[in-house]
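Chemist: With the hints as constraints, model all of the structure from the sequences given.
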Amino acid sequence: GHTNTIFSVVFSEDGKRIVSGSGDSTIRIWDVETGQQIGAPINGHEGKVRSVALSLDGKRIVSGSDSEDVTIRLWDVETGQQLNVIFIGHTGSVMSVKFSPDGRRIVSGSSDTTVRVWDAQTGQQLGLPLNHNDEVLSVAFSPDGRRIVSGSSDKMVRVWDAQSGKQLLALVGAGRDRDAVYPVTFSPDGKYIASCFEYNQVSVWDSQTGLPVCRAIVGHRGIVHSIAFSPNGKQVVSGSADMNIRVW
Numbered sequence: 001g002h003t004n005t006i007f008s009v010v011f012s013e014d015g016k017r018i019v020s021g022s023g024d025s026t027i028r029i030w031d032v033e034t035g036q037q038i039g040a041p042i043n044g045h046e047g048k049v050r051s052v053a054l055s056l057d058g059k060r061i062v063s064g065s066d067s068e069d070v071t072i073r074l075w076d077v078e079t080g081q082q083l084n085v086i087f088i089g090h091t092g093s094v095m096s097v098k099f100s101p102d103g104r105r106i107v108s109g110s111s112d113t114t115v116r117v118w119d120a121q122t123g124q125q126l127g128l129p130l131n132h133n134d135e136v137l138s139v140a141f142s143p144d145g146r147r148i149v150s151g152s153s154d155k156m157v158r159v160w161d162a163q164s165g166k167q168l169l170a171l172v173g174a175g176r177d178r179d180a181v182y183p184v185t186f187s188p189d190g191k192y193i194a195s196c197f198e199y200n201q202v203s204v205w206d207s208q209t210g211l212p213v214c215r216a217i218v219g220h221r222g223i224v225h226s227i228a229f230s231p232n233g234k235q236v237v238s239g240s241a242d243m244n245i246r247v248w
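Quick note, in the working numbering, the sequence shown goes up one by one and the last residue is 248.
DSS-like mimics (lysine-lysine), calculated; alpha carbons at most 25 Å apart, straight line:
hint: 1; residue 1: Lys191; residue 2: Lys166
hint: 2; residue 1: Lys16; residue 2: Lys59
hint: 3; residue 1: Lys234; residue 2: Lys191
Distance ranges between label pairs, derived from CB positions:
hint: 4; residue 1: Pro212; residue 2: Thr122; range: 35 to 41 Å
hint: 5; residue 1: Gly35; residue 2: Asp119; range: 34 to 40 Å
hint: 6; residue 1: Gln167; residue 2: Val213; range: 18 to 24 Å
Just so you know, these hints were derived from the structure itself, not from any lab.
Even for Gly, the Cβ is constructed at its ideal location relative to N, Cα and C.
Modeler: Next up, the structure:
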């Protein structure tokens, strides 16, 4: 398997495969049922692979790499071959990448403090960079593809219009002043945003008004690294450095 830290994993939409990205500079595809690696490791990045994502149709992988490389690359799932497009523009590690629901765009967040949107076919950047005040750790599209949410070490969750780049909301958690924002995500219906703050805090917001829908959820005893909504949007699951998974 991998020979260094695994920074990112994602299921295929049909649940049959897992894609992983690692500090060993490779991407690997795994069979969920057998646990066996499918095909050879995917090589091409010169730095650590910080983030991977799958298109909804399961045909393409997008990956973002560390400061030695700072590129975003596309791969064919079946062949493992790199597609003829490289996304160049970030000047720091690419910490998070996601496809839009229709697969036509890619959003990325970087340690260069910017969020960028790209044409998935041409590799061209769409519009100007969207700016945080510190490194961007997580990005996601809304289910309808019209909005982007980003979380940053500047302690802010920001919501953007995916077309115009206009900032729609700037959300601040109730945690400690030094709290960085780790993963952020929309609920399946797009009504809510969940965010993980570095020091044990999970927050859920109304994605239209920016108002919290409940008190900040505290229960973990370590950094919260991952978060997801249940398919019906009524529950949130979080994973932490305290080695616990909690459902809220």
